[in-house]
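S.K.: Construct the complete structure from the given sequences, taking the supplied hints into account.
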Amino acid sequence: MQIPTLSLLIFTPVVAGVLLLLYPAQKRTLIRVTALVSALITLALSVFLFFRYDTIAAGYQFMEKLDWLPSLGISYFVGIDGIGAAMELMAGLVVLSGVLVSWNVEDRPREFFAFLLFLAASVFGVFASLDLFQLFFFFELAVFPKYLMIVIWGYPKTREYGAMKLTLYLFLGSMVALAGSLAIYFASGMHTFNMLELENAGFSMEVQRLWFPFIFIGFGVLGGLFPFHSWAPDGHVAAPTAISMLLAGVEMKVGAFAALRVGLMLLPDGMRTWAPLIIVLATINVVYGAFIAMIQTDFKYVIGFSSVSHMGLVFIGFATLTPEGLTGAGLQMFSHGVMTALFFSIVGMVYDRAHTRNIKELGGLARFMPMAMVGFVVGGLVSMGMPGFSGFVAEIPIYIGAWKSYPLAAILSAISIVVTAAYILLVVRRVFFGEVPTTLSAGVKDVTLADKVVIVMLSLVMILIGIFPSLLVPVIQAGVKHILFLVGGA
Amino acid sequence: MEFFSNHILTWILFFPVFGAAILCLVPARSEKGLRVTALIASLVPFALTVYLWFAYQVSPQAPGFAFQEQLEWFPAIHSSYHVGVDGISIVLLLLTTLLTPLALLASRSIHVHLKTFLMLFLFLETGMMGVFVSLDLLIFFVFWEIGLIPMYFLINQWGGEKRNYASLKFILFTMGGSLGLLLAIQMIGAVTGTFDLLTLFKTWPGISQASLFGLPTQTVKAIAFWAFVIAFAIKAPIWPVHTWLPDAHTEAPTGGSMILAGVLLKLGAYGFIRLVLPLFPAESRQYAVWLAVLAAASIIFGAFAAAGQKDFKRLVAYSSINHMGFVILGIAVAAWAGGSTDPALQQSAIIATNGAVLQMFTHGLSAAGMFFLVGVIYDQAHTRVLERFGGLYAILPVYGSILIFMSMASLGLPGLGGFVSEFMVVRGAWPVFTAITAVSMLGLFFTGVYVLKALKLVLQGPLNTEWKGHLKDISAGEIAVIAPLMILSFLIGVWPSWIMQIINQTVMSWF
Chain A
1 MQIPTLSLLI
11 FTPVVAGVLL
21 LLYPAQKRTL
31 IRVTALVSAL
41 ITLALSVFLF
51 FRYDTIAAGY
61 QFMEKLDWLP
71 SLGISYFVGI
81 DGIGAAMELM
91 AGLVVLSGVL
101 VSWNVEDRPR
111 EFFAFLLFLA
121 ASVFGVFASL
131 DLFQLFFFFE
141 LAVFPKYLMI
151 VIWGYPKTRE
161 YGAMKLTLYL
171 FLGSMVALAG
181 SLAIYFASGM
191 HTFNMLELEN
201 AGFSMEVQRL
211 WFPFIFIGFG
221 VLGGLFPFHS
231 WAPDGHVAAP
241 TAISMLLAGV
251 EMKVGAFAAL
261 RVGLMLLPDG
271 MRTWAPLIIV
281 LATINVVYGA
291 FIAMIQTDFK
301 YVIGFSSVSH
311 MGLVFIGFAT
321 LTPEGLTGAG
331 LQMFSHGVMT
341 ALFFSIVGMV
351 YDRAHTRNIK
361 ELGGLARFMP
371 MAMVGFVVGG
381 LVSMGMPGFS
391 GFVAEIPIYI
401 GAWKSYPLAA
411 ILSAISIVVT
421 AAYILLVVRR
431 VFFGEVPTTL
441 SAGVKDVTLA
451 DKVVIVMLSL
461 VMILIGIFPS
471 LLVPVIQAGV
481 KHILFLVGGA
Chain B
1001 MEFFSNHILT
1011 WILFFPVFGA
1021 AILCLVPARS
1031 EKGLRVTALI
1041 ASLVPFALTV
1051 YLWFAYQVSP
1061 QAPGFAFQEQ
1071 LEWFPAIHSS
1081 YHVGVDGISI
1091 VLLLLTTLLT
1101 PLALLASRSI
1111 HVHLKTFLML
1121 FLFLETGMMG
1131 VFVSLDLLIF
1141 FVFWEIGLIP
1151 MYFLINQWGG
1161 EKRNYASLKF
1171 ILFTMGGSLG
1181 LLLAIQMIGA
1191 VTGTFDLLTL
1201 FKTWPGISQA
1211 SLFGLPTQTV
1221 KAIAFWAFVI
1231 AFAIKAPIWP
1241 VHTWLPDAHT
1251 EAPTGGSMIL
1261 AGVLLKLGAY
1271 GFIRLVLPLF
1281 PAESRQYAVW
1291 LAVLAAASII
1301 FGAFAAAGQK
1311 DFKRLVAYSS
1321 INHMGFVILG
1331 IAVAAWAGGS
1341 TDPALQQSAI
1351 IATNGAVLQM
1361 FTHGLSAAGM
1371 FFLVGVIYDQ
1381 AHTRVLERFG
1391 GLYAILPVYG
1401 SILIFMSMAS
1411 LGLPGLGGFV
1421 SEFMVVRGAW
1431 PVFTAITAVS
1441 MLGLFFTGVY
1451 VLKALKLVLQ
1461 GPLNTEWKGH
1471 LKDISAGEIA
1481 VIAPLMILSF
1491 LIGVWPSWIM
1501 QIINQTVMSW
1511 F
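Chains as they are written, first to last, in the working numbering: chain A, 1 to 490; chain B, 1001 to 1511.
Hints in this document: simulated from the structure, not taken from any laboratory.
A portion of the hints provided could be inaccurate.
[As the list claims (entries may be wrong)] With the C-beta cut set under 8 Å, the calculated list includes, among others, these residues of chain A facing chain B:
#1 Glu-324
#2 Thr-327
#3 Val-393
#4 Tyr-399
#5 Ile-400
#6 Ile-417
#7 Ala-422
#8 Pro-469
#9 Ser-470
[To be verified] Derived Cβ-Cβ restraints for the label pairs, each shown as a range:
#10 A:Tyr-155 / B:Phe-1004: 51 to 59 Å
#11 A:Thr-55 / B:Leu-1071: 12 to 20 Å
#12 A:Arg-429 / B:Leu-1345: 47 to 55 Å
#13 B:Phe-1304 / A:Arg-429: 27 to 35 Å
Cβ coordinates follow ideal geometry from the N, Cα and C atoms, glycine included.
M.R.: This is how it looks when you write it as structure tokens:
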């Protein structure tokens, strides 16, 4: 009998989350250990999936299917392609990191970890969905833990605003995407939500052109696509550390992934028609995001806008419709997920100790928390696309893809590399080096062991991929191969 | 043994990284243990390079690329880990592996965060060596950029007063230059579908469908050419994009300045020789005169600026611009002669190119030596203002003699290394760019002016009494750093053929 690995991956956090809610609230150690164990299990499962994914056979693997509502053509249908496998691994890493950095949560840890695990289940579910309805189900499932976690555990000054803005934006986006999806469901005339069948539906040109922007941009809102990105910085800043990590690291990839899976893969001709518009929007993302990040005075907003900038490269990669561009987009989703999770975890560590995120009020922290500095520098180097780190490995193919189809996008978005270098170096210098401000002269405590584990684990992943891209690239390429088949040659 | 000799370049390249990993395990309190470990980690590549030097001369591939290794790295975009050396890269490899241990020895005054300092230094060494041995355009870029980060932190963390300004200026200038380089590399990769240099050398110059926004191929290639040239010109540096250099050199710690002037500047010149000339022969020829003019400007303005400095270290920094100008002048001659069949022109180009490569080596020796000597006096006097010294020869006779020796090597006194290389560049350039070379000679004259000015202000005249009893003469440990540089400089001055032979073999095969 085949082990239902993907179902285990999706439902382990659900079961653990429910279990947590049944525990008595004062048993903190038990609660934390349960959350940790389930995060470790999901990471182990995602590692297993990643390495057992057969890159030569490619296509969808680890498939499981159960009829759910046959009359409407809805089924529980999971399976992953190469990009899905990479995303599951990235999500597994980020979820475990999120649990570790939240180790010392004081306020209602039981609910905190339970919601965190529900959120994890939802993202694992989206990356594995092969049924359109089910994809929506998991996509929307994330809304309630996200909203509650920001409102309850978020940054007191902006949490109501940030949570509301985030929820409304994403809700609107997914409604638009849902409208598009239902439209193609009916247009196909096949009465099925099975995406493998929909891939071969042969939608007419008119259908593709009309409904593509609804789906792609609707999902793109969660991916931070300009001009619908403004929920991201506000939401990230308002959220507690672990949620910022999951939001920017994984949730934004969920948006991009859904736009890829439903928009690009089901409606390839729509993508081809609308690619110039997507390229323009994404290039604005890249350049504008970098410039806005540079002028921020809040440490966390810098990282928030840098995510907007980096996600633009993912959309550029999609829109090139070239093997290099798509491979690069997959790599960038992975690399950025890990990188931004590391960034937000360190921002959280700094804030917990210094009680301010104003860059001007910080300084000289490398003296007290050297590991945080090292992690931030590694993340920064990835962020500025420095060779030897995963960011370079991801960006180079995107740029090559862009050179082949939209050279101007490559040239314009390259501006962001220098701007990114400038703001990262400035932040590193102001926060971690230089004079310690008088408010912090008493010193701050070093990061905890759990924090160090997170920093080392995420940094190592990025360095390893930077030096040995072949650890990740073949898996992504296996996924890209199928996409190119759907797009038709190219 | 087989495994070792088949991968010797990889061993040389990554041994410093391995050493840095070992350093992690040495306790931070044991300063001596740290220094010894780092020194060994940098001496092993040196020993291996010396072995490589002799092995190369009997290698069947010489004068082409020997000791090649090729491994899949990033097949999705057709980039591979492809390394190999020819006569030029081997000379620069020797320079790098020689200067790194010396720079480590010169960093005795560093005590704060010593472990990090040494690790960064070793990473820097790998980055620099990687550029010299890369035979894949993307790998070249990888190493080109990797060297930046350790240097940024060396200046930013262990530098002088204005280190923040200097380090940011350094990295933004270099990254700004790299941006065009990166875009051009990406474009070449997108058009040809390969990054392998040996393939690109054959195919790229003749390619005819590099279309971009509907511009003609020639224009596209000219744009790519300028992107390469600007990146390398900033690093070399050539006037007018040199302004990061005086700040970075002055603020860097002594060991960092030695490497900056000794090796990092050579990366720019090496980029011209390795990439620009073979990839863009037509464009190089077209713009060779401009390159020569800029080289002359660097020579003259570098000399004038050096003569006007009040700070000893800034003076030495500007002298680097002056000397690198000769390297660029030699390269301009090679660019002009590319593809020519005129035997007289070929002869000149060979001499000039040989001179340019040798000048990289001899300037590496003399610049590193000068920065070290400035560091020695600064460590004791805590000032570098020339006016505040004076008459130091009376109390520091050994230091004074060494300073005179190195200054003369830098000035190009016959019998020392600098003379041979500058003479060869001028001899090669004279028949090709007569007027420009003549003007450059004026710069050479001012080289004498600033060198003698520095010597006069520091060593001669009445002794500034504030130093009496406060300064000690150069120590044996410090002499150990400077002695190899002096010996090599002298050796090249009196008997250049041991090094010329290896350079010339490669250069001859081009024309």
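S.K.: Output the numbers, in ascending order, of every earlier hint that fails for this structure.
M.R.: Result: no hint breaks.
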